[in-house]
Amino acid sequence: MYTFKKEERLCNKRLIDKLFHNGSSFLCYPFKASWLYHTEPQSYPAQILFSVSKRRYKHAVDRNLIKRCMRESYRLHKQQRLYNLLIAADKTIVLSVGYIGKQIEPYSVIEKKMLKLLNQLAEQLTGSNSIQAK
Numbered sequence: 009m010y011t012f013k014k015e016e017r018l019c020n021k022r023l024i025d026k027l028f029h030n031g032s033s034f035l036c037y038p039f040k041a042s043w044l045y046h047t048e049p050q051s052y053p054a055q056i057l058f059s060v061s062k063r064r065y066k067h068a069v070d071r072n073l074i075k076r077c078m079r080e081s082y083r084l085h086k087q088q089r090l091y092n093l094l095i096a097a098d099k100t101i102v103l104s105v106g107y108i109g110k111q112i113e114p115y116s117v118i119e120k121k122m123l124k125l126l127n128q129l130a131e132q133l134t135g136s137n138s139i140q141a142k
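Just so you know, we're using this note's numbering here: the sequence shown kicks off at 9 and counts up by one.
Keep in mind the hints are simulated off the structure, nothing from the lab.
Treat the hints with caution; some may be incorrect.
Claimed, not checked - Straight line, CA to CA, 30 Å or less: simulated DSBU-like cross-link-like pairs of lysine-lysine:
1) 124 - 99
2) 124 - 66
3) 99 - 121
4) 66 - 40
5) 110 - 40
Unchecked claim - Derived DEER-like restraints, expressed as beta-carbon distance ranges:
6) 97 - 15: 31 to 41 Å
7) 134 - 67: 34 to 44 Å
8) 11 - 116: 34 to 44 Å
9) 87 - 45: 33 to 43 Å
10) 68 - 14: 18 to 28 Å
Just so it is clear, CB atoms sit at the ideal spot from N, CA and C, and this is done for glycine as well.
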């Protein structure tokens, strides 16, 4: 339940290109999220990619710290905020979360914002489901 396995990470270059060219996106500062429904069967309801700009954060240790915090907060909250919704709707998505903040936030702030992002994503997913159903 509280795991984050290799199969949950988005690594496929074609899928990443499709996500950034055809996907929907929204801002939830300090994150920018892009998502796209995925039609092919996956072992998990969502595949996710975390990114931090190399231009804004020159040191790899800073980028890794931010990504580690993002992954941890996602890992803890994905099941109740995202997976349950996707499993109920029988859908799969690919998701990208980029950190666009100007400074390194503490873990508590990142976790709170990740919760907000997952709630916002859930709202968008349910909104698009109702549009497709009509």
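Against the structure, the hints:
1. 124 - 99: holds (21 Å)
2. 124 - 66: Satisfied, since the Cα-Cα distance of roughly 27 Å is no more than 30 Å.
3. 99 - 121: holds (24 Å)
4. 66 - 40: holds (19 Å)
5. 110 - 40: holds (13 Å)
6. 97 - 15: 31 to 41 Å: violated (20 Å)
7. 134 - 67: 34 to 44 Å: Given a distance of about 39 Å, which is inside 34 to 44 Å, the answer is holds.
8. 11 - 116: 34 to 44 Å: violated (22 Å)
9. 87 - 45: 33 to 43 Å: violated (20 Å)
10. 68 - 14: 18 to 28 Å: holds (21 Å)
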